[in-house]
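There are 4 protein chains.
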Amino acid sequence: MEVSEKTCELPDIQNSISEYKLPIETVGIGNFKAPIYIKTKSGTFQNTVAVVNAFIDLKAESKGINMSRLPITLQKHLATTLNPDKIKEIAINVRKFAKADRCQLIYKFPYFIQKLAPESKEPGLCSYDVTFDICEGYGTSRFNMTVNVIATSLCPCSKEISYKSAHNQRSNIILTVSPKEDCFVWLEDMIEVAEMSSSCEIYSVLKREDEKYVTEKAYENPKFVEDIVRSIYCNLVKREDLNWFRVEVSNEESIHQHNAVAIMDSREDWRYKV
Amino acid sequence: MEVSEKTCELPDIQNSISEYKLPIETVGIGNFKAPIYIKTKSGTFQNTVAVVNAFIDLKAESKGINMSRLPITLQKHLATTLNPDKIKEIAINVRKFAKADRCQLIYKFPYFIQKLAPESKEPGLCSYDVTFDICEGYGTSRFNMTVNVIATSLCPCSKEISYKSAHNQRSNIILTVSPKEDCFVWLEDMIEVAEMSSSCEIYSVLKREDEKYVTEKAYENPKFVEDIVRSIYCNLVKREDLNWFRVEVSNEESIHQHNAVAIMDSREDWRYKV
Amino acid sequence: MEVSEKTCELPDIQNSISEYKLPIETVGIGNFKAPIYIKTKSGTFQNTVAVVNAFIDLKAESKGINMSRLPITLQKHLATTLNPDKIKEIAINVRKFAKADRCQLIYKFPYFIQKLAPESKEPGLCSYDVTFDICEGYGTSRFNMTVNVIATSLCPCSKEISYKSAHNQRSNIILTVSPKEDCFVWLEDMIEVAEMSSSCEIYSVLKREDEKYVTEKAYENPKFVEDIVRSIYCNLVKREDLNWFRVEVSNEESIHQHNAVAIMDSREDWRYKV
Amino acid sequence: MEVSEKTCELPDIQNSISEYKLPIETVGIGNFKAPIYIKTKSGTFQNTVAVVNAFIDLKAESKGINMSRLPITLQKHLATTLNPDKIKEIAINVRKFAKADRCQLIYKFPYFIQKLAPESKEPGLCSYDVTFDICEGYGTSRFNMTVNVIATSLCPCSKEISYKSAHNQRSNIILTVSPKEDCFVWLEDMIEVAEMSSSCEIYSVLKREDEKYVTEKAYENPKFVEDIVRSIYCNLVKREDLNWFRVEVSNEESIHQHNAVAIMDSREDWRYKV
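Chains as they are written, first to last, in the working numbering: chain S, 1 to 274; chain B, 1 to 274; chain R, 1 to 274; chain P, 1 to 274.
It should be emphasised that the hints constitute simulated quantities derived from the structure, not laboratory data.
All the given hints hold, so there is nothing to weed out.
With a Cα cut of at most 30 Å, we get these calculated DSBU-like pairs of lysine-lysine: (1) Lys88/P x Lys41/P; (2) Lys121/R x Lys88/P; (3) Lys180/S x Lys273/P; (4) Lys63/S x Lys164/B; (5) Lys96/R x Lys115/P; (6) Lys59/B x Lys238/R; (7) Lys217/S x Lys164/R; (8) Lys96/B x Lys115/S.
In isolation and in its complexed conformation, chain S is listed as follows:
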């Protein structure tokens, strides 16, 4: 067959000897887009679109990875309904096919949850940017999950000092958790933690009675960016299924062009350190 004959003759530069004798931790592809299916907590599946990064390590003695093996393997699993276990399985497949010791796969995708408006019960779809980040190799693996939740924050200081009202705005809550091995954490539960800690959760459909409800609820729950990040921290730190977590909250201040930001990380003893 002509094509394979030709292939045999083509020099294989990637597998030639590297002049550098240096291993590389992370080599691969970025910004690979694909439609995927995700399993939801309610047992259904949903369709969405992921941007995928796939990385492997490269041995000191090799000049380059066989890069086409990464999209070929990703491509084979697009019809599959993904969850952390399934993505780990894909990582193992990528690693083996590419003859690497470790493989990291990062899937970023919008995730959708249908919510009922608080009073009218009108249904509306809310979207959350989610990242599944899996790394596998040397007989072990780790999984990190990030979810980006938009919520309302209302300023306690503005409320206290003003005759009426208080400035409020979109709060962008970014929550990353690393579950312990064999522990499974639902996206829906992380989203609930973030929304409960804000002044009020948001909705995509609100009728007048709902707008009254969310306005008044936010006013009854004023929160600094510091309050939101601490409240989420308190909620997560008592869980026993997490190795670590990180919370970043950014309030898109309605009275400023800059954002108010607070970050907490369970991992390190950062005190007395710059």
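Keeping the supplied structure of chain S fixed, place chains B, R and P upon it in accordance with the hints.
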């Protein structure tokens, strides 16, 4: 029923009289995200995620639109497989429910096509950013379709003056067409026009024999940004199913930080005009 | 001299005959970055950084433009303090050097205004994204200016129906004006029109007494996105120095993930049209 | 004086007691824009525009930071010509004024270098995105510097297997270095390391003889993304003035929509770790 009683009591500010006495052409929502289904040329459907803008007009005498009616209507058609006719139908529904004279719906989404690598025939998914832009009202409608195609461009000047090789790069081809009423244009056909006019189309999976093929094909087809835009223009101008079209090509020069850009528009006689 | 001898021998592909016989309206470079100086209304100059697009037309019989002449000309005027007249002068230079009939130059840059906080009078710098868009040729020219103003909007409906408070958020006001020939419009005046039409302007430094002021002022000035766009329209339509203008307002709703948008354009009689 | 009387009366919510008893590592402002001056290696200064993030820590017992003190302090140093020492000085000022133990300041800005085209010697301005990240407190400090260099990469495999030519593209090289205390590293030197390791550096103005030069030079220097990252690593690892460094290279493949990426970090022994 309690909720509706409450609603009845709530003042309806949007429907109060406007102090301005000015109609507004375009009022609505932007950045509404939803998973959708799209019909493909091959008769199958594909799942993807759209960012939707929905706009209506507002009468001079009204203070505001009933904005929640826009997401409510969009929401009802998410399980539907969309094509231009179906989106027009949604636009009519939005317009009627919101009591407007016109409605514009803009869906932006990544669209996927499976391609076989040119020599190895290995399958790989390519993505194209697509916009469907429909405007409906006063008994008529118009539809514009934009597709964004990434391709390879190789510089004819660099080839001619250099001993060997030529600089080449990603070319970003943005094609907008407005089909005549009752004419239907396939996305797949517009993508083919764009790819044929480039130095070489791109693929998501390329084995060594394929890489040889695309490298040599691009070298045999050197194209300035001006050549690509003119070639697409020539191809489209002879079609009888288009009201107008616009082509924008931007080469992400591998030898510069800036891009080389060319734009042609079939609509206007721009000569002798600034 | 060696370099020029070499140049003489190199084939000049751009100036060879085009096979297409089609003029191109717009050819040039995009995303060219440069530090610039801008004249302010107060007579001082300020330093900022522009992203510049520079376009010319191409004759039907030429294969390509001499693209390097565009950055060479831009480059020569970086130490100059820019205003619309100066940019027009650069456009004329680009056009002549590149032997074109028309030249369009688009400068996008952040513009800074120092404001005093409303009560404490503490100074703080606010930034506004500005675009100067000049087109020159055939003995005439046109100039469009766009300014992007961030302000606070507070919802009248939410205020009316809620026991206390009202949802409020960042409002993104995009104002484009095209002054009549020989008329000059200050950026500072356009920014003032936009800020006056919002619920409250924003500041980069606010002490407690200022925060009280802006919270209460916004509550006293509730504005729908429709109110803001109409108010700006009314303000601009009575000016005699504008050929046309366009206003786009996008409220980054604190209770939704999507934005509320309104657009008005003085140019066209859009009624009864889709 | 009225204003300060009023201030005295306003309740100070930020300084009230927190219910959480949790310190926060990072609280502050993000996306604060300001024009700045930077010192260059050649001894001149250049004007540019920075996006600044300013963070401090918050004690367990305080409810919130005095956020306005951050922009007030940044504001006071805008006329200063910045270098790492000066930014450290600003960090100390922010920390003291805000009564914090540590302060982190992150300045991101485009940096400009004038280059002469390789043959014609025509001058042209190139821009590099730079980040200065300083953290100060507990009697010590650390400084990280990131520079983003665009260069040309040409594929060795494509060159070897193809009859003529090779695919080439923009390579995005992101270099972060952390100099040892009292060591100073020039941006210009880091940029040179990155450009030397690519297939060819880029220019903003290239005449025909220059285009011949860069095309042929890139063809003589084919580099995988792996080669570029390893070459930079080798160059930096022998320096004695760095605590650590990280190199990320992303090739915007002209034959794919996805990028080819390689990352090396001097810090950790990542082998046998997932």
